[in-house]
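Peer 1: In case you want the letters, here they are:
Number of protein chains: 2
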Amino acid sequence: MKVSVEGASCSAIGPNNKLVFAPGLLGGTNCANSGRISVGAKSPLTGTIKEANSGGQAGQYLAKLGIAAIVIEGLPQDGKLYKLVVGKDKCELNPADDLKGLGNYATVDKLKAEFGEKVGFASIGPAGEWKLAAASVAFTDMELRPTRHAGRGGLGAVMGSKGLKAIIIDPSEGEMAPLADKDAFKEAAKRFAKALSEHAVTGQGLPTYGTDVLINIINEAGGLPTRNFRSGRFENADKVGGESLNKITVERKGEPTHGCMTGCIIRCSGIYLDEKGEYVSKWPEYETVWAWGPNCEIDDLDAIARIDRACDDIGVDTIDLDAIARIDRACDDIGVDTIELGNSVAVAMDGGVKEFGDAAGAEELIAEVGKGTPLGRILGSGAAVVGKAFGVRRVPVVKNQALPAYDPRAVKGVGVTYATSTMGADHTAGYAVATNIMKVGGDVDPLKAEGQVKLSSDLQVATAAIDTCGLNAIVDMVNAKYGLSLTGDDVGALGQRVLTMERDFNTRAGFTPADDRLPEFFKLEKLPPHNEVFDVPDEELDTVFNF
Amino acid sequence: MKVSVEGASCSAIGPNNKLVFAPGLLGGTNCANSGRISVGAKSPLTGTIKEANSGGQAGQYLAKLGIAAIVIEGLPQDGKLYKLVVGKDKCELNPADDLKGLGNYATVDKLKAEFGEKVGFASIGPAGEWKLAAASVAFTDMELRPTRHAGRGGLGAVMGSKGLKAIIIDPSEGEMAPLADKDAFKEAAKRFAKALSEHAVTGQGLPTYGTDVLINIINEAGGLPTRNFRSGRFENADKVGGESLNKITVERKGEPTHGCMTGCIIRCSGIYLDEKGEYVSKWPEYETVWAWGPNCEIDDLDAIARIDRACDDIGVDTIDLDAIARIDRACDDIGVDTIELGNSVAVAMDGGVKEFGDAAGAEELIAEVGKGTPLGRILGSGAAVVGKAFGVRRVPVVKNQALPAYDPRAVKGVGVTYATSTMGADHTAGYAVATNIMKVGGDVDPLKAEGQVKLSSDLQVATAAIDTCGLNAIVDMVNAKYGLSLTGDDVGALGQRVLTMERDFNTRAGFTPADDRLPEFFKLEKLPPHNEVFDVPDEELDTVFNF
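Respectively, the protein sequence lines represent chains P and Z.
Once you know that position 426 of the first sequence is 426 in the working numbering, the rest is easy, because the numbers rise by one and skip nothing.
Once you know that position 346 of the second sequence is 346 in the working numbering, the rest is easy, because the numbers rise by one and skip nothing.
I should point out that these hints are in silico values taken from the structure, not numbers from a laboratory.
Treat each hint with caution, since some may be false.
[Unchecked claim] Examples of chain Z residues lying across from chain P (beta carbon under 10 Å, computed):
1. S11
2. P15
3. L19
4. P44
5. Q77
6. E278
7. I378
We put the beta carbon where it would ideally sit given N, CA and C, even for glycine.
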C-alpha cells in the first residue's frame, strides 16, 4: 500500500522537506537594492513555513544566470557532505567532506582557493551540519566574507540535513536580465533610487549609523527589551547604539558606511575593526546589538571590570561594542541566528547558567555552541529548548521562534505581528515599529491596544507582496521588466494570496489560533517604564487575516 | 484593563497551571486494587491535558481521609521549597529547603525520620526541582520506598514549579469509605477479586513474571521496538524477559511476587536483589525493561564484555537485567519517567552520543541527568529535545511524548492509540495490544490497517471511564458505594464525556488533527520482521472520536 507523507507535516530535517533559494523578481537588473536572496523551507525551529532573506552577492548572481530558484530535495544516502556548483548551464554536486566541521570563514577560505574570487558562496557552519534549530545560511558579501545570513528559523539545519555544505555560484557568462520596456524601467529605477537617497532614514540615518541607529530610538520609546524582557529601557543603551558604533569606527579608521552587495545605495553596513585596526566583523545589526547588549545586559561596570581583565587591552568605554562585534563574527562563523542565540543566552542567564551582564560568559557560551558541547547544543537549539532544559518559565518565543528587539508591551503593533505572523515572532513580517514609533505611514499610539490589529494586518499584506518582489515598492519596475501592468491593488492582492498560502501550510502543519499568541508572561508582567502588559484581545488577534 | 489567561493556554510551569492529586471513585474501600492515585495537570512535555497514575499507598490514604482531590495552584513567591502535610482535618504547608537537591530515596529517608513510617509520601527528585519535562512524581509503596511513579508527561516538573518537594499523607484517624449498600458492595467486590485471581494473566502471568512477561510475547509478535524502533524483534529478548527476571530473583532469594499497595491481589511487582542479596530496586516494569533493553540494545556480547570490566563481579548472563534494575532505581531516585528517558537515551545513541548496546554508557547518561549537567538536562527534557539537540530525524514521539514498548507498525491498533490519544503517545489510553496480540476481547489482525480505528476508539472510551473509577470493570461497586444505578451504557457515556472534555482542552491549547499523527519515519521505514509501515489512513485516524 502506498503511504503518502503530506508536505506540511513532513519532518523539517527529513527527506520530504524542500529547501529553496530564490532571487527577487527584480534580481539581475540595475534596480537599487534588488539583489537580496530569499531562502525557504519548512522550519526546524518553528514547524511553520519559513522564508528568511539575506544580502550578499548570491541573489544578483543567480538572477544573472537566469535562475529563478534552486530547489534541494531528498537526503544523501551516504551521510556525506556535498557542495553544489552552479554556473552558466552548469549544475554539479561534488563531494565536500574536506569542509566538514569548518566555520563559515574557513569554509570560504578553502572555497576561494578552489574557485577564485569572482564567485559567490552560500554555506553553513558547524551549527548547520549539526542540524541545530538556530542554524543560519551564510552568504558572502562583496569582499567574499560570509557576513550576510538568512538567519531565522534554522534553515541552516535544513541545508545540513541535506548534506549540503556550500553552494558556489559562478556568474561569469551570466547577463543582466532582459527588460520588456527599457525606458520605462530606467525611469522607474531612477525615481526609486532618488527616493531612497533623499529619505532621512535610508539616505542619512542608515548609512551613517547602520541599523544600530535604532538602539537609542527604541530605548527612548521604552520598548528596548532588557534583561530577558524585564524592562523596556536600558540605562547604558547609548554605549552600544549606532552613534557609538560610528564614533568608534571612525576613530579606528574602519569603514562606517559600507554596502554588502552590488547595487545597494543604502549601504547600512560598516567594517568594525579592533583597537589594533584589525578586521573583527561587519557592523553588527541592531537586532544583534540588542540581543547581546541590553537583553543580556552586557554593560554594567562590574561586568566591564571583570571583562577588562579577561579581554586584553581593550578600553573600558568600548568594551561592549567590541564584545558584541566579536560575538557577531563568532555567530557568522558558526552559522547561527544572532537573534535566536542572543535570546538563548538571555534565557540561560535567567536560568542561572551565567549572570546577566557577563560579557565574557556570553562569549564562552557562544564558544560552546561552536564546539558542539551539550550546553552548546541546548543553546543552538533556540530559546524554547533552553527554557525547557533549564526550567525557565519566561521564554520570549512565538511558535518557538525568539522575539526580536522590540518589546511587544511598549510597541503593541509589532506585538500583533509577532503573535500572528506565519513565520513565528518576526518583526520584518509587518514592521509596525515604523508607524508606532517613527510615525511613518500614520500614527498609532504604541501603548494602546486599539488600531494595532489593522496596522499589523495592512503591513503584513504589503510586506508579503514586497518580499516576493525582493525590495521596497517598485511595481513600475516589475511591470517594465516583465511587460505587465500591475496596479497597487494587484500588489495588495498578491500579498493576501501569499499570506493565505502560508497560513494554509501552517494549518496543515497543525497550527491554530492558539499558536497566534504571545507567551503568557507578556500578559502577566508589566513592562517598565510604561508599566504596560500586552492587552490586544485574543479575539482581535484572530481577525488579522480576515481579508 | 484586565487580561485573562485562558487555562488551556497557560504555561505548564507557570502560576495558572493546576496540579491535581486524586484517588479513584472506589478508593478507601476493600475493593481489590482500588488504591491507585491519579495525578493531573497541563503537561510540560506535551502541552496537552495530562493524567498519569500510580500505585503506592497515597491513593488509599487520601480516600480514607475523605479527600476527593488535592489541587495545587499558583507559584511560590520566594522560590523556596515546601512540603504539604495532609491528615485528618489538617493541611499545612511547611518549608522544605533542607530537602533541596535530594533524590527520592534520600528525601523519603529524611521524611521518615520526621514523620515516622505510618504515612505515605509523594515526592519529586532533582529532575522535578529542575522542571525537566521527563520528571515524574514518586509515591511510596508499602515498605515506604519511592518506587511507584506517575511517570508520564513531566508532572514532576509541574510539582517542582510550584516549589512542592513532597506531600506527606497521614491516614491515622482516617476511616474506610462509607458504603450505601454494604451487602451489594461485598458481593460485587468478591466477584471482582475472584475474576482477577482466576484469570490467566492477572492470576498467574503477572504475579509470577511481572509485567515483564510481555517481553517474549511482544518479541514473538514482531512488535518489540529494538534499537530506536529499527526492528520489531530483539535476538536476545529472553535474557531480559519476565522468565529471566523470575529465575534470577528466585536464585538470589529475592521476592518474585510482591504488591505495591494495600489491597492489591495481582501483586505484579517483585524485589530485585543484586548478587550479594542487597536490594537494588522493585522489579522493573515491562516498559522500563524494554526502554533500556531492546530499544538501547543493551545486550550484545561485546557490550557485555565491556561492561563486565566496568561492573564489578556481576555475571555475564544476568548483566542486562542487573543493569536495568540499577537504571530503574536511578530513575526512581532522580524522579524521571523511564519510558521517556529510555527513549531519550536511544535517540541520543542514534545521534552518536553513545553506541547502541553500551549499558555502562547508558548508566553514565542517567548519572548526567542526576547531576543536572547540560547533557543531563537535554536527556531529562525528553526524546524530542534530544532529537533537536543532536539533529536526529527518527524521533519516536507523538505530541512530544515518547512511544512505549510496542511498535505501531506491528501492533497497528496501539499505533492508532498513540497517534490520537489526548495524552500523547500512551499505550494505556487504549491498550489495543490485548486484542491485536493476546486476542482478548476479539481478534483484530495487528498487521492490517482495517479495524484498528474502531478497536482503539472503543478501548479509549472504556479506558477513560475506567481511569475515572480507578480500576477495571466494577460498575456494581460504584453503584453500591454511592447508591447509584449506573449501567454499562452510562460508563460508556462517561468515557465519551471525559474524552470530549480532554479533546476540548487540547483544542483550546492549540492541538489539531495534524497532531494526531505518528512521526514520519513510521510511514517511510518498513519494520522487520513483518516489513510493515504504519498505514492506517489519516482520514480514518480523524474519526476515532466521532462518537
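Peer 1: Take the hints in turn and mark each one as holding or not.
Peer 2: Now the hints, each set against the structure:
no.	hint	verdict
1	S11	holds, 5 Å
2	P15	holds, 8 Å
3	L19	violated, 15 Å
4	P44	holds, 8 Å
5	Q77	violated, 13 Å
6	E278	violated, 33 Å
7	I378	holds, 6 Å
Of the hints listed earlier, those the structure fails to meet are numbers 3, 5 and 6, in rising order.
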